[in-house]
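Protein chains in written order, with my numbering: chain A, 1 to 289; chain B, 1 to 389.
No lab work stands behind these hints, which were simulated from the structure alone. One or more hints might be untrue.
[Unchecked claim] The calculated lysine-lysine pairs, modelled on PhoX-like cross-linking and capped at a C-alpha distance of 25 Å, are:
1. A:Lys-179 / B:Lys-120
2. B:Lys-302 / B:Lys-233
3. A:Lys-93 / B:Lys-104
[To be verified] One side of the interface only, derived from the structure: several residues of chain B facing chain A at Cβ under 10 Å:
4. Ala-32
5. Met-109
6. Phe-111
7. His-119
8. Gly-129
9. Asp-188
Given the structure is predicted, the values throughout are model-derived calculations rather than measurements. Using N, Cα and C, we set each Cβ at its ideal position, and we do this for glycine too.
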Amino acid sequence: MKDKSWKPWVLLSPSLTAIFFLLVIPICFVIVYSFWLRAPSGADIPAFQFGNYAKFFDDFFYPSILLSTLRVAFETVILCLVFGYIPAYFFYKTRSRFKPFLMLLVMLPFWISFIIRTLSWINILGDSGLINHLLLKFHVISSPLAMLYNEGAVIMGLLQYLLPFMILNIYVSLDGIDKSLTEAAKSLGCTEWQAFKEVTLPLSLPGVSAGCLLVFVLTCGTYLPPMILGGPGNEMIANLIFKRIIGTLDWPFGSAISVLLMVLLMVIVYTYNRYMGINQIFKTLSNES
Amino acid sequence: MVYRVIIYSGSEDFYARLSWETMVLKQEKDPAFVKFTGIEKRFGKVVAVKKMDLEIPEGSLVTLLGPSGCGKTTLLRMLAGLESPTFGDIHIKGKRINDTPIHKRNLGMIFQNYALFPHKTISDNVAFGLKYRNVAKSVIKQRVENALETVRLPGVGDRMPSQLSGGQQQRIALARAIVIEPDVLLMDEPLSALDENLREDMRREIDNLQQAIGVTTIFVTHDQREALSMSDKVVVMKDGFIQQQGTPEEVYNNSTNHFVADFLGHSNFLNAIVNKKQGDLLSVRLEDESHGLAVPAAAFNKGDKVEMVIRAQKFNLGYRADHVPEQGENVFFGKIVDRSYMGGEVSYFVELDNGLVLHAINFVKRSPYRRGDEVAMTVAPEHCRLLKV
Numbered sequence: 001m002k003d004k005s006w007k008p009w010v011l012l013s014p015s016l017t018a019i020f021f022l023l024v025i026p027i028c029f030v031i032v033y034s035f036w037l038r039a040p041s042g043a044d045i046p047a048f049q050f051g052n053y054a055k056f057f058d059d060f061f062y063p064s065i066l067l068s069t070l071r072v073a074f075e076t077v078i079l080c081l082v083f084g085y086i087p088a089y090f091f092y093k094t095r096s097r098f099k100p101f102l103m104l105l106v107m108l109p110f111w112i113s114f115i116i117r118t119l120s121w122i123n124i125l126g127d128s129g130l131i132n133h134l135l136l137k138f139h140v141i142s143s144p145l146a147m148l149y150n151e152g153a154v155i156m157g158l159l160q161y162l163l164p165f166m167i168l169n170i171y172v173s174l175d176g177i178d179k180s181l182t183e184a185a186k187s188l189g190c191t192e193w194q195a196f197k198e199v200t201l202p203l204s205l206p207g208v209s210a211g212c213l214l215v216f217v218l219t220c221g222t223y224l225p226p227m228i229l230g231g232p233g234n235e236m237i238a239n240l241i242f243k244r245i246i247g248t249l250d251w252p253f254g255s256a257i258s259v260l261l262m263v264l265l266m267v268i269v270y271t272y273n274r275y276m277g278i279n280q281i282f283k284t285l286s287n288e289s
Numbered sequence: 001m002v003y004r005v006i007i008y009s010g011s012e013d014f015y016a017r018l019s020w021e022t023m024v025l026k027q028e029k030d031p032a033f034v035k036f037t038g039i040e041k042r043f044g045k046v047v048a049v050k051k052m053d054l055e056i057p058e059g060s061l062v063t064l065l066g067p068s069g070c071g072k073t074t075l076l077r078m079l080a081g082l083e084s085p086t087f088g089d090i091h092i093k094g095k096r097i098n099d100t101p102i103h104k105r106n107l108g109m110i111f112q113n114y115a116l117f118p119h120k121t122i123s124d125n126v127a128f129g130l131k132y133r134n135v136a137k138s139v140i141k142q143r144v145e146n147a148l149e150t151v152r153l154p155g156v157g158d159r160m161p162s163q164l165s166g167g168q169q170q171r172i173a174l175a176r177a178i179v180i181e182p183d184v185l186l187m188d189e190p191l192s193a194l195d196e197n198l199r200e201d202m203r204r205e206i207d208n209l210q211q212a213i214g215v216t217t218i219f220v221t222h223d224q225r226e227a228l229s230m231s232d233k234v235v236v237m238k239d240g241f242i243q244q245q246g247t248p249e250e251v252y253n254n255s256t257n258h259f260v261a262d263f264l265g266h267s268n269f270l271n272a273i274v275n276k277k278q279g280d281l282l283s284v285r286l287e288d289e290s291h292g293l294a295v296p297a298a299a300f301n302k303g304d305k306v307e308m309v310i311r312a313q314k315f316n317l318g319y320r321a322d323h324v325p326e327q328g329e330n331v332f333f334g335k336i337v338d339r340s341y342m343g344g345e346v347s348y349f350v351e352l353d354n355g356l357v358l359h360a361i362n363f364v365k366r367s368p369y370r371r372g373d374e375v376a377m378t379v380a381p382e383h384c385r386l387l388k389v
């Protein structure tokens, strides 16, 4: 019998080709660039040295941005989790005939440019934005509240960008839970809340965990919300990279920061997988059905 | 619960005393341990269960049998507390439980798909109900072990549900339900996810277990073989109504309406008109002007339109040429148009001279007949029943 195990790979080949040429090769370029030298004149000189990496750790300024990026990402994950679980659970429980429509609303933001969505927060949170306008009009406050250009505004922008990812991930996980499991738990003596804690919550963890990881990684690489909604102190690591490469055309240093970010995220994803055991949970669940 | 005190008087016999001691608190079974009164359930405009009254005796195994959509599962779910009735009351042990939330009803529930918690070990699954009853940990451990032994799966406590086969999982579900010593055990099509052979084993297992622990059990199924083989009482349902209830023999042999006779086993229906009384039997005129004798299922008058029901297994077949007419026996002549061998028995479709096709099932030993053979089908009047049309 002929070995036909190569056949499935034919189906994968277009995407593998695309990933190779559009992702793997550019990343290799970036890695190569990160070892180059930058002449005072601004020219890039091919070299193999670790000066760019050393520069990053020389000054506490750069690592501090990395740390604050991680902190913002962590905060965003927590907020996304809280605000995402509730609607996802609602979708799981509801028998409403409007459910498909409401699900569509979750996806709706994807139809509008990310930049426009982020910019629109200026009209809501700004000094003459909607909220301040209304509060001033009804004499709740006498001078506009400073809601824009701070970390809160950045997280707000991230939240509206990332919430759909969290909701959908959790929903998919919840939707796979057999409803008779909660019924069984209740028949054995659980209240609704106890049944949620014992059954629904643990079984939705794969979705929660995948959603959290996705939100975390996406936050670490985002630069638009801090650029548009943040103040001078709210820069994130991606803004730094953006400034180095686009602003000062310092490709070697920008590349070095990129590589550092990538390595850091890979370590985080790996450890996360290892200890939160997404793969493990997925395995258990797929055996179940 | 009613206790009856039996006192043996006048005997000094040791054995009599012993039995006095053991029987002094002999329980009398409550005939209406679970009671539905005027129960009705509507989902929007759909009426799933209609004005139903049903009593379930203590310690019995009662089957709710019917095609899908007959309301049997809804009835079970109302008892479990997973649905609330639109009208009517549900009593368990004489106590109205309509407003008792599910977690306080003390019922054991078995689901079609086992519903074991996939993220908990077998022990944790079985211990689940005990944990919420504030049973001490050491006691839980012992009772879980006992329950696992009861379902003949000792030593699997540390495994995960996904590591067990379907039949084993359902036995764990059974252990999980009985370990809490429920007032009533509810089973919603517990065998339908299992394959044929396993289903038979599991059916016997449930039957034996129920007998052994004597828990009042309500079993929902659409499979008549399950219902007939294991129940103390079968409740046949259709369109939200109870069609008939009684022992398996009663509902099978003395079906009181067309639906029950048709749903259980293989029945033949012949239109007839009542002629006259002959002892306990009624003489009727069949469509082809021939006469028949049958047992009336209700009081009929001369000229009433009725339906004569004959079970396919009740016919005796013989070659038409060999037929000797016998007094008081119903006989039908026809030609075999279809024959299928089914292992233990043979199923025949016989076309009568008037075009009607009857279904007969005979044991293989007594069945040398082939397709195209002219046969005489005889059946004793006591195996023919007359039903209202």
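Status of each hint after checking the structure:
no.: 1; hint: A:Lys-179 / B:Lys-120; result: 16 Å, holds
no.: 2; hint: B:Lys-302 / B:Lys-233; result: 34 Å, violated
no.: 3; hint: A:Lys-93 / B:Lys-104; result: 22 Å, holds
no.: 4; hint: Ala-32; result: 22 Å, violated
no.: 5; hint: Met-109; result: 4 Å, holds
no.: 6; hint: Phe-111; result: 5 Å, holds
no.: 7; hint: His-119; result: 5 Å, holds
no.: 8; hint: Gly-129; result: 4 Å, holds
no.: 9; hint: Asp-188; result: 9 Å, holds
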